[in-house]
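Going down the list, the protein sequences come from chains A and B. Residues in the first sequence are numbered consecutively from 1, following the working numbering. Residues in the second sequence are numbered consecutively from 1, following the working numbering.
Since the hints were made in silico from the structure, they are not lab data. Each statement offered as a hint is correct.
The calculated SDA-like cross-link candidates involving lysine to any residue, where the alpha carbons are at most 20 Å apart (straight line), are:
#1 A:190 <-> A:126
#2 B:57 <-> A:410
#3 A:96 <-> A:256
#4 B:57 <-> B:67
#5 A:96 <-> A:259
#6 B:57 <-> A:414
#7 A:96 <-> A:52
#8 A:190 <-> A:118
#9 A:93 <-> A:248
#10 B:57 <-> A:409
#11 B:140 <-> B:150
#12 B:57 <-> A:413
#13 A:177 <-> A:220
#14 B:57 <-> A:411
#15 A:93 <-> A:83
#16 A:163 <-> A:133
#17 B:57 <-> A:415
#18 A:93 <-> A:252
#19 B:140 <-> B:153
#20 B:57 <-> A:332
#21 A:96 <-> A:120
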Amino acid sequence: MYLLRLALASLANRRFTAFLTAFAIALSVCLLLAVERVRTEARASFASTISGTDLIVGARSGSVNLLLYSVFRIGNATNNIRWDSFEHFANNKQVKWAIPISLGDSHRGYRVMGTTEAYFEHYQYGRQQHLELADGRPFATDPFEVVLGAEVAEALHYKLGDKLVLAHGVATVSLVKHDDKPFTVVGILKRTGTPVDRTLHISLGGMEAIHIDWHNGVPAQGAGRISADQARNMDLTPTAITAFMLGLNSKISTFALQREINEFRGEPMMAILPGVALQELWSLMGTAEKALFVISLFVVLTGLIGMLTAILTSLNERRREMAILRSVGARPWHVASLLVLEAFALALAGSVSGLALLYIGIAAAQGYVQANYGLYLPLSLPSTYEWTLLGGILCAALLMGTVPAWRAYRQSLSDGLSIRL
Amino acid sequence: MTQALIELSDLGFAWPGHEPLLDIPAFRLEPGETLFLKGPSGSGKTTLLGLLGGVQKPDRGSIRLLGQELAQLSAGARDRFRVDHTGYIFQQFNLLPFLSVRENVELPCHFSRLRAQRATQRHGSVDQAAATLLAHLGLKDPALLGRRADSLSIGQQQRVAAARALIGQPELVIADEPTSALDADAREAFIQLLFAECREAGASLLFVSHDQSLAPLFDRNLSLAELNRAAVAPEV
Numbered sequence: 001m002y003l004l005r006l007a008l009a010s011l012a013n014r015r016f017t018a019f020l021t022a023f024a025i026a027l028s029v030c031l032l033l034a035v036e037r038v039r040t041e042a043r044a045s046f047a048s049t050i051s052g053t054d055l056i057v058g059a060r061s062g063s064v065n066l067l068l069y070s071v072f073r074i075g076n077a078t079n080n081i082r083w084d085s086f087e088h089f090a091n092n093k094q095v096k097w098a099i100p101i102s103l104g105d106s107h108r109g110y111r112v113m114g115t116t117e118a119y120f121e122h123y124q125y126g127r128q129q130h131l132e133l134a135d136g137r138p139f140a141t142d143p144f145e146v147v148l149g150a151e152v153a154e155a156l157h158y159k160l161g162d163k164l165v166l167a168h169g170v171a172t173v174s175l176v177k178h179d180d181k182p183f184t185v186v187g188i189l190k191r192t193g194t195p196v197d198r199t200l201h202i203s204l205g206g207m208e209a210i211h212i213d214w215h216n217g218v219p220a221q222g223a224g225r226i227s228a229d230q231a232r233n234m235d236l237t238p239t240a241i242t243a244f245m246l247g248l249n250s251k252i253s254t255f256a257l258q259r260e261i262n263e264f265r266g267e268p269m270m271a272i273l274p275g276v277a278l279q280e281l282w283s284l285m286g287t288a289e290k291a292l293f294v295i296s297l298f299v300v301l302t303g304l305i306g307m308l309t310a311i312l313t314s315l316n317e318r319r320r321e322m323a324i325l326r327s328v329g330a331r332p333w334h335v336a337s338l339l340v341l342e343a344f345a346l347a348l349a350g351s352v353s354g355l356a357l358l359y360i361g362i363a364a365a366q367g368y369v370q371a372n373y374g375l376y377l378p379l380s381l382p383s384t385y386e387w388t389l390l391g392g393i394l395c396a397a398l399l400m401g402t403v404p405a406w407r408a409y410r411q412s413l414s415d416g417l418s419i420r421l
Numbered sequence: 001m002t003q004a005l006i007e008l009s010d011l012g013f014a015w016p017g018h019e020p021l022l023d024i025p026a027f028r029l030e031p032g033e034t035l036f037l038k039g040p041s042g043s044g045k046t047t048l049l050g051l052l053g054g055v056q057k058p059d060r061g062s063i064r065l066l067g068q069e070l071a072q073l074s075a076g077a078r079d080r081f082r083v084d085h086t087g088y089i090f091q092q093f094n095l096l097p098f099l100s101v102r103e104n105v106e107l108p109c110h111f112s113r114l115r116a117q118r119a120t121q122r123h124g125s126v127d128q129a130a131a132t133l134l135a136h137l138g139l140k141d142p143a144l145l146g147r148r149a150d151s152l153s154i155g156q157q158q159r160v161a162a163a164r165a166l167i168g169q170p171e172l173v174i175a176d177e178p179t180s181a182l183d184a185d186a187r188e189a190f191i192q193l194l195f196a197e198c199r200e201a202g203a204s205l206l207f208v209s210h211d212q213s214l215a216p217l218f219d220r221n222l223s224l225a226e227l228n229r230a231a232v233a234p235e236v
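Let's have the full structure, built from the sequences with the hints guiding it.
Written out as structure tokens, the structure reads:
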């Protein structure tokens, strides 16, 4: 205890260097913990992008590709599937509910998805959470109604009743617009922190209506054009969709149905389990995530090496201090312990302030991160894993403290009691 | 004949790769005696003090402190023996600047249980012992005790160092040029205070200096050159 008191008093005497050293450690600890927290939360939020869906079905391609376009609105389907194939499986007796989705259009960089009321009823994300409307109602029988994701509404400042025009294709700047058939905003969804926030939802009928006079990917000209009112009175049952999601009566039948879909003779299709595909996708990103972790570990190491340098540099100026301690009875191991304690005290101060910085940072950035990245960073107590990391840092500091300790030990043996001026 | 406090016999020492530095056939310091040992720098006096403190080991011969042969003790035991029985005062910058005056004086009591016990027995507590010693040495102001050691003048600092050497009544006080940073008047006053305190504590004083003018104040004075057969011809 007395040695600790001496170590702290000696550190306080060099408070400026000590403060800088501890601050460097604090920053590095804060970075490491922040990276860890974001990593953990990103993984959790990623895994909760979709839930409750047992199978996602699309044209035959790769499972990651299917997951990307059907759930994350990234990339495009290679092929459509026929409406009768969807009906075939939607009516399967194992199937509790089915959500068809039709993609391919956009609005100012946000994807448009055609679907049915079943989407609002059955689609789930996070911990079995259903979609909820912040305002308005789901689209109804009129084909030209749109329900906006939270981010779309916020970023583009849309409110109920606004009219908007969809663009053909998914490029941010689209040359071909469906400007003859504007849509009315009837509902705005609550924020989910998933790609749903960045999506415009229209009915399959609406999707069909805006393409009804198109042939081979270009709109009809002159007399071939069909107006919005004319379209309302036509049969808007789609002939093809992009993909569909299935909820089953019993999880046990998942694999049997998956097999049945994969072997469907009508057209080549594939069914994937969202959880498995999410895992696969995450493992692709795992490398970047690990790299980030390794980098922050090295930053911590740099902080600790800074501490080691500061202590080693001070050793020479402190020979007198050591000699005085020896003359009043401190044994060489006392002198060595002083330096280990010093390293430990610096690392402890750094870790504690790093933790404090982390919480201040989270408290300050929580709202912003949630709004912009859909990532909720909780102000929770450190997890067991985070405590382990902090413990590891302190152990590393103790280990590093043995270097100056050893040198001081040798020095105090050779210097003895007196140090020449 | 009573037991000597320090007894050297046939002591020889050389730093590795150097000429023999010390060759002392016999030397005694009696309990309660004050001895002035004259030694210019480079005469081996620091080495001799290192040997007496058990920091270095002699090549041959014996060093007995209070009848204990130092060479028979382990390094750790020598360290403990030293702090139990010897107080040191050095030339200058004796104190840990970041501790208070009181903490500096009490330092040996944290490393030697024996000295803490003796201080408590005699003065009631270690704190009380420090305050009393400092007061005897002319540092009476209680506010001074809590001040940082480096806020004191050099003369005051040396008196704090003396109090630290004396706390817990070690049998031997070794002073290595403690007055070299003081002016002539302060020097003699400091030595008188040191004498008085050593007498009171019953400690012997081994005072090493090159300043001959102080020699007459001591019970006995010796020159290291006379003592040491390995000494080169004294520089003129």
